[in-house]
Amino acid sequence: MNTRELIIEAGRTEGQYWQDLWRFRELFYFLSWRDILVRYKQTAIGLAWALLRPFITTVVFTLVFSVLAKLPSNPGVPYPILVFAAMLPWQFFSSAITECSNSLVTNSNLISKIYFPRLIVPASSVIVAFVDFLVSGMILVAMMAWYDFVPDWRILTLPLFVLIAAAASLGGGLWMAALNVEYRDFKHIVPFLVQLGMYISPVGYSSEIVYQRHPQWSLLYSLNPMVGVIDGFRWAILRGKAEIYWPGFVLSSVIVILILASGIWYFRKTERTFADVI
Amino acid sequence: MSETVIRVENLSKRYILGENLQGGSTTLREKLTEGTKALSRRILHPSKQNILKSERKDFWALKDVTFEIQQGERIGFVGRNGAGKSTLLKILSRITEPTKGHIMIKGRVASLLEVGTGFHQELTGRENVYLNGAILGMSRAEIKRKFDEIVAFSEVEKFLDTPVKRYSSGMYVRLAFAVAAHLEPEVLIVDEVLAVGDAQFQKKCLDKMGQIAREGRTILFVSHNMGAISTLCDRAVYLVKGQVKEEGKADAVVNNYLKDIFSNKIENLNELRFPGMGKDIRFFDIQLVSEDGANLLFEQPLNFLLKIQSDIDAKDLFIGTSIFDSLGNCIGTHLSEQTFSPRAGQRFIVYQTISNLKLAPGSYYAGFGIAWGVKGAQVRNLEGVVGTPAFQVLPTSYNGEQFGDWHPNWGRIVIKDIDMKIEAERNGR
Chain L
522 MNTRELIIEA GRTEGQYWQD LWRFRELFYF LSWRDILVRY KQTAIGLAWA
572 LLRPFITTVV FTLVFSVLAK LPSNPGVPYP ILVFAAMLPW QFFSSAITEC
622 SNSLVTNSNL ISKIYFPRLI VPASSVIVAF VDFLVSGMIL VAMMAWYDFV
672 PDWRILTLPL FVLIAAAASL GGGLWMAALN VEYRDFKHIV PFLVQLGMYI
722 SPVGYSSEIV YQRHPQWSLL YSLNPMVGVI DGFRWAILRG KAEIYWPGFV
772 LSSVIVILIL ASGIWYFRKT ERTFADVI
Chain B
6 MSETVIRVEN LSKRYILGEN LQGGSTTLRE KLTEGTKALS RRILHPSKQN
56 ILKSERKDFW ALKDVTFEIQ QGERIGFVGR NGAGKSTLLK ILSRITEPTK
106 GHIMIKGRVA SLLEVGTGFH QELTGRENVY LNGAILGMSR AEIKRKFDEI
156 VAFSEVEKFL DTPVKRYSSG MYVRLAFAVA AHLEPEVLIV DEVLAVGDAQ
206 FQKKCLDKMG QIAREGRTIL FVSHNMGAIS TLCDRAVYLV KGQVKEEGKA
256 DAVVNNYLKD IFSNKIENLN ELRFPGMGKD IRFFDIQLVS EDGANLLFEQ
306 PLNFLLKIQS DIDAKDLFIG TSIFDSLGNC IGTHLSEQTF SPRAGQRFIV
356 YQTISNLKLA PGSYYAGFGI AWGVKGAQVR NLEGVVGTPA FQVLPTSYNG
406 EQFGDWHPNW GRIVIKDIDM KIEAERNGR
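Taken in sequence, the protein lines are chains L and B.
Everything in the first sequence is counted per my numbering, starting at 522 for the first residue and increasing by one.
Everything in the second sequence is counted per my numbering, starting at 6 for the first residue and increasing by one.
Just so you know, these hints were derived from the structure itself, not from any lab.
In this text, all values refer to a predicted model and were calculated from it rather than measured experimentally.
Any given hint might turn out to be false.
[Said to hold, decoys possible] Which bits of chain B does chain L cover? Going by a derived footprint, with three or more residues having C-beta under 8 Å, they are:
#1 32-45
#2 120-134
#3 342-356
[Said to hold, decoys possible] Cross-link-like lysine to aspartate or glutamate pairs, in silico, EDC-like; alpha carbons within 20 Å at most:
#4 B:K36 / L:E703
#5 B:K246 / L:D673
#6 B:K149 / B:E197
#7 L:K634 / B:E197
#8 B:K111 / B:D166
#9 B:K68 / B:E406
Note that the Cβ used here is the ideal one computed from N, Cα and C, for glycine as well.
Required output: the full structure, derived from the provided sequences and hints.
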């Protein structure tokens, strides 16, 4: 039998980290499983919540932006579907960020008593948000049936955009989670940031309004990583009736990669002291 | 053919004590105001930099700790509160990093620093077995294989599909320990987990740990229960202020540790102080007032004299008094109804008399604290000193009444004043 030899020294964990992440994959599975189980334990409430929240927000947004503000939809696309195609990734992103930011603090009993790569905790929060995302995806299917709106081949590219959304969620979530451990009052800032993000992202309106009416702002607008993700979702779901502004999409995607990389870097940097300060 | 499985060399761990006593994290608001202040100071008084450096203090929880553990050894760690035992176990379990030093561990390590880590109240017993197993490092296949065994050990078969929030605390602990007991690591690290559960279950746990050790696994064990250390461990390490004071046969080390506690040779109350305590207000003298040194007759009142020095203005502070038995179990605590409000620089003398305690013959020590807040809810401890004075209660009372052997299993309090009538039951009535 080969016995593994473990060396513990200051600053030593670095090399073993990614190996450990793989070794603890079952814990990752169980933590996600626990969070999903707890969330959907009272099945009616858990499920209803995941369905109702995006649905009601979509109804309200349709009323406000389409009926009251009279913003145009893309030609041939019912406004509720336009909104919901953006609501899906936005809900995924915002709930992942919120869950991530609290995840380390709510699991502080684990962190102060057991060793495992801490990255698992916020990552499993993203998984939970992803399950909610899949559940609310059912509404989209129902809406498309209602409006008799059939997607074309572009829907097959959707997983790519889901992946970008997941990367943005994890990257942002890692920042929030680590900052929340270090500064306990940071949790008051997160809901505000999320709320603000909803308005600067094209959730209730089409991003083409920005590109067409204010072309000089297009690139600046695309610095928001969710702009690229939402444009991608609309392009894939709405039969290409929503055009992607490619320079902006590339810029958004690059920002996502930067956020993810810097999130991992910052999380890793602060991680070793989590057990001491939490 | 014993082989070294753990080698610890010059291990040190430094904590930085911030200004806030809770030792918790800073807030962003504090950081920002601090930064603004520092900036304005630099602009206004460019020459006076560094004068008002923040009052952070280093605290070495461990300092140059070196020892080796052979395969199959059961080794106990003893020492007072704050001696570094728990920090050592945390570093060995990789929860926190050392500041300096080197550790080599061979084989799979499992650590049990708490019973039921990660148990979720909403989940059922069955679900929690899987979850807790995964948290402790078991694979899914392994848990599945041992599931029946775990359930049998825990004796909660009937409630497996009930959420654990409906469990009694006894059931909860039994299920949690059952999972932990079925780990098969090469090295098992255990901290004080036997403090919970009833006596029968504790014995079961000790037996299980003995069995684990006989299978050639190595056990590292921390407890305040000296009885458990001497029965379970073959070797012990005695830590004082983060350093190894003594290392050797468990019985000998435990005896020396108890001797130190009961010798009352405390030059400095700092040695007994909880880390981070006593910065603003502190005891500078604690005495037992008695005619016969540290020997008291049964039922003789305890008279303590405490001297307090305050560096701050504070309001409505109260004093806590606890008595511990020789194994470190707290027998009882008193939180004072009277409060006092010191001003900076003021000193106080406190006279305490505890009567009617009816402590059984044996060895005891006291602990004292100063705190502020609402008892039982939000209390902020400002000072805590445990371990002095130590005293013996003799098996003789005032009126010459003698106790024979007071058996340890009878507990630490002699119950008197019971109304009791014994009658023969008469048939046919």
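Each hint tested on the structure:
1. 32-45: holds (count 4)
2. 120-134: holds (count 6)
3. 342-356: violated (count 0)
4. B:K36 / L:E703: holds, 11 Å
5. B:K246 / L:D673: At roughly 71 Å apart (the allowed maximum being 20 Å), D673 of chain L and K246 of chain B break the hint.
6. B:K149 / B:E197: violated, 28 Å
7. L:K634 / B:E197: Distance of about 13 Å is within 20 Å: holds.
8. B:K111 / B:D166: violated, 38 Å
9. B:K68 / B:E406: Roughly 50 Å between the alpha carbons, so the hint for K68 of chain B and E406 of chain B is violated.
In this structure, the earlier hints numbered 3, 5, 6, 8, 9 are contradicted, and the remaining ones agree with it.
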